[in-house]
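**Q** As a plain string of letters, each chain reads:
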Amino acid sequence: MIPVELVQALKCAAIVLPIAFLLGGLGGPGTFWANASTHGLFAVAAVIGAIIAGAIVVPILLPWLPGRAFAMKGLIPGFVITIALLGWRMVDWGLPLGISETIAWLLFVPALTTYLAMNFTGASTYTSLSGVKKEMRWSVPLQIVGAVAGLGLWLASRFIS
Amino acid sequence: MCWQFEYLKGGVTLELDEDKCTGCGTCPEVCPHAVLAKHNGKVRIQNRDSCMECGACSRNCPVGAVTVQAGVGCATAVINSALGRKNSSCCCVIETRQSGCETRSESGITCGAGCC
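The listed protein sequences derive, respectively, from chains A and B.
Per numbering that gives the first Met the number 0, residue 0 is the first one in the first sequence, and the count goes up by one each step.
Per numbering that gives the first Met the number 0, residue 0 is the first one in the second sequence, and the count goes up by one each step.
Hints listed in this document are in silico derivations from the structure and should not be mistaken for laboratory results.
Hints may contain errors.
[Unchecked claim] Only pairs whose alpha carbons sit at most 27 angstroms apart, straight line, appear in this in silico BS3-like list of lysine-lysine: (1) Lys41/B with Lys8/B; (2) Lys10/A with Lys132/A; (3) Lys133/A with Lys8/B; (4) Lys132/A with Lys8/B.
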């Protein structure tokens, strides 16, 4: 089932990744393309990381991840991949990382990961429709808030810093 | 190693009318998660949280003693339904499993993640 979910996610990623790359070019001290090739590329890496965590790691580790709700199961992989990405960025990329941008990625990536994890309910053999609806009532608004706030904070940080 | 997967606690729509139940034992037989069990000639719900609302019990009960709002536990299907998508890659209608699965079997679409 992982490849099926992955294909679904990559279809959306084909649209989202170029946008993320181009948005990275906005703001900052350098030229548009210089910014895009650093900050934009990191945004691409962040989205790919969220997809890997939500569509691959969560299904593999499903029995061991805490929480009954699938969205909850996506939370820890989401945070772990974000911290790993931010660490990679600081060590290998040498890009400056402010507090607002750190918070932005800590909001955006787990929001995406929990959404993808939640979508795996369709592949499981033990989820119920009423349970999925119950889970979605609280998780979807949080995912939207996390993604929008993360994106907004990231874009703001590109202009403020 | 074997895990007993259980989804969210509570909220399952499964109901059993013990007055109507004749104790024929069909529902425990068709239940994939051993939610229902027969005791002393009557059926009772022994593991409600394991119910995946597949609807097998209610469809096979000859006296209508078991009721459940059957459907597919699929977030994508819920989203597609909320967005009014009828012909998306997700083939299931979430309101009732009856119509959803009949559509699915007729179309021959296999379902997985991102589907239902």
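**Q** Against this structure, judge whether each hint is valid.
**A** Cross-check of the supplied hints:
no., hint, result
1, Lys41/B with Lys8/B, "25 angstroms, holds"
2, Lys10/A with Lys132/A, "25 angstroms, holds"
3, Lys133/A with Lys8/B, "10 angstroms, holds"
4, Lys132/A with Lys8/B, "13 angstroms, holds"
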